[in-house]
Amino acid sequence: MKRAERELDEFGKKLFAPLHQVPPLDSRMMEQEKAHFLLEAENLRQNMIPGMAGVKSHKMGHQPARLQGLFSLPVYKALVIGVLVLILLTASSFTVFAAQSSLPGQALYPVKSASEDVALTLAFSPSTRLNLTLQFTNRRMNEIQALVAEGKPVPDQTTDLYQQELNSALQLATQMNNQQMQTALSEIKTRAQDQGLSVGQIITHQPHQATPAMVHLQERLQEQVQLSTMGEANPQEFRSQMQQREHLRHGEKQSSATEEIEATSAAVPILATATPAGGEENAGGANPIAQPTEMPGNKSNGNKPGQSTSGNGNHGPNPTDTLQP
Amino acid sequence: MRNSPDQALLARVKRFEAKALEEIFDLYSQGIYRYAYRLLGDVELAQECMSETFSRFLDALRRDSGPDNYLQAYLYRIAHNWVTDYYRSKVPPDLPLDVEMRGDPQEEPHEVVSGKLDREQLRQALALLTADQRQVVVLKYLEGWETEAIARTLHKPVGAVKALQHRALESLRRLMSRYEDVGL
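From first to last, the protein sequence lines are chains C and L. Numbering-wise, the numbering used here comes out as the position in the first sequence, counting from 1, plus 1358. Numbering-wise, the numbering used here comes out as the position in the second sequence, counting from 1, plus 966.
In short, the hints are calculated from the structure, not lab data. It is possible that some hints are incorrect.
Simulated restraints, written as ranges between beta carbons of each label pair [unchecked claim]: (1) L:ASN1035 with C:LEU1397: 25 to 35 Å; (2) L:GLY997 with C:LEU1397: 14 to 24 Å; (3) C:SER1471 with L:GLU989: 37 to 47 Å; (4) C:GLN1601 with L:LEU993: 40 to 50 Å; (5) C:GLN1594 with L:GLU1112: 42 to 52 Å; (6) L:PRO1123 with C:PHE1369: 18 to 28 Å; (7) C:LYS1510 with L:LEU993: 26 to 36 Å; (8) C:ALA1504 with L:ARG1144: 48 to 58 Å; (9) C:LEU1444 with L:GLU1010: 52 to 62 Å; (10) L:ARG1133 with C:HIS1563: 24 to 34 Å; (11) C:PHE1369 with L:ASN1035: 33 to 43 Å; (12) L:PRO1123 with C:LEU1466: 34 to 44 Å; (13) C:GLN1390 with L:SER1143: 37 to 47 Å.
Predicted model only: the values in this text are computed from it and were never measured. C-beta atoms are modelled at their ideal positions from N, C-alpha and C, and glycine is treated no differently.
Construct all of the structure, not just a fragment, from the sequences and the given hints.
Below you can see the structure in the form of structure tokens.
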């Protein structure tokens, strides 16, 4: 067996020898590439600063001169009420602002969640909602990283919410026209790839934190990449896949609701006859969200739908069915 | 916690420090180009891959979702995704019939032909592997990486990487013998 391995290794070395030669890159071209890269970085850096500077200069305008003529009584009263309202608003804004850096399990975290819901409710266009949703997925990733760095467990609610947001991003993309959808899917894919890398780093370097939910999340991110890649190549197919997923999800919700009703009605007579201490069995129930991810997105080139991953991490994020002979 | 050199460099890069960004470009651009060229066999495509890799890296920094460590692995992963997308966008290669062969004055004509064919066949065989198999063998046999480093890049256990390597080489052996069978 070992000898066979060695032979195979030798074969590999010999096989790849012809590819070792690489034509050198033109140094002038390389300098241009570097200059372009540094310029792009500088533009990004500057775009971050003027945004903030613009807000400040706009707000700190010409107020003192205008205020001088306003101190007649009714105006003064209105001004006082205005200031009080402003103080109340500012205080609540500070709470909301402070909540933005909170982590799951902390007192201000519900405020953060609520503020995200409000932001989504106030956004009407699919593209604005998608941008927000993608920002929120980044937040979930940051929360997970922060919890892991502090050695705390990542609550299932966080990974569940994360997955809902991933799904919502894809659904929002289907509400756009084909061109917008492809751009959106490209963004969704890039984010999912980045976030998949981050989850992978956690799983690799902090294996004790790699809960099944985390592994499942990694698979879900891989699926996100596959689905968005498929959507970029074939918008029609993507829309129909997403529709199917939505039907499936809807069906699952309905069936789980009926199961719950059945379970409750079945539990009543048992509770009536058994000891009143029952009811804890529910806690042992399987979490439907922790089931292995289906991979329906592998149909990009008319191949059979992909098999579901086994969760052992042996499947890369890129569907390779199209590359098979 | 112990800070690795990557972590220190990345901390500066996240502040968009020009010196640090330049350092990263100088450190990894040639390697990314070589990696892409060996897979794609085309200078322009390899340059495009390299350029896009660094652009995507900046984009990740902008979104504050870049790596905290193992920068090299991160960049190769981006390049790998680019190459995979490129392969996917192309029609899957069939057995070659029209391999382009330009003369090189320093080589004998028969060497030119056989060398070109070898390289093209190998690239086409590589294109027929799964993305992960391809990355494992390329990093191992062309870039000379240790299995542990490859495992970090792919976010897989070392055992899984060895299995991928084994399967990839078996597939390549089969594919290359197929080329020989048809007399190419």
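Okay, the hints, checked on the actual structure:
Distance hint check: the CB atoms of L:ASN1035 and C:LEU1397 are about 27 Å apart, consistent with the given range 25 to 35 Å. One distance hint, 14 to 24 Å for the beta-carbon pair L:GLY997 and C:LEU1397, holds here, with the actual separation near 22 Å. Against the hinted window of 37 to 47 Å, the Cβ-Cβ separation of C:SER1471 and L:GLU989 comes to about 40 Å, which satisfies the hint. Distance hint check for C:GLN1601 and L:LEU993: the Cβ-Cβ separation is about 47 Å, which falls inside the suggested range of 40 to 50 Å.
A hinted range of 42 to 52 Å for the beta carbons of C:GLN1594 and L:GLU1112 is consistent with their spacing of about 45 Å. A beta carbon spacing of about 24 Å between L:PRO1123 and C:PHE1369 agrees with the range 18 to 28 Å that was offered as a hint. C:LYS1510 and L:LEU993 have their C-beta atoms about 35 Å apart, which keeps the hinted 26 to 36 Å range intact. C:ALA1504 and L:ARG1144 have their C-beta atoms about 52 Å apart, which keeps the hinted 48 to 58 Å range intact.
A hinted range of 52 to 62 Å for the beta carbons of C:LEU1444 and L:GLU1010 is consistent with their spacing of about 59 Å. For L:ARG1133 and C:HIS1563, the hinted distance range of 24 to 34 Å is satisfied, since their beta carbons lie about 26 Å from each other. A beta carbon spacing of about 34 Å between C:PHE1369 and L:ASN1035 agrees with the range 33 to 43 Å that was offered as a hint. In this structure the supplied range 34 to 44 Å holds for L:PRO1123 paired with C:LEU1466, their Cβ-Cβ distance being about 38 Å.
Remark: the range hint 37 to 47 Å for C:GLN1390 to L:SER1143 is upheld by a beta-carbon distance near 44 Å.
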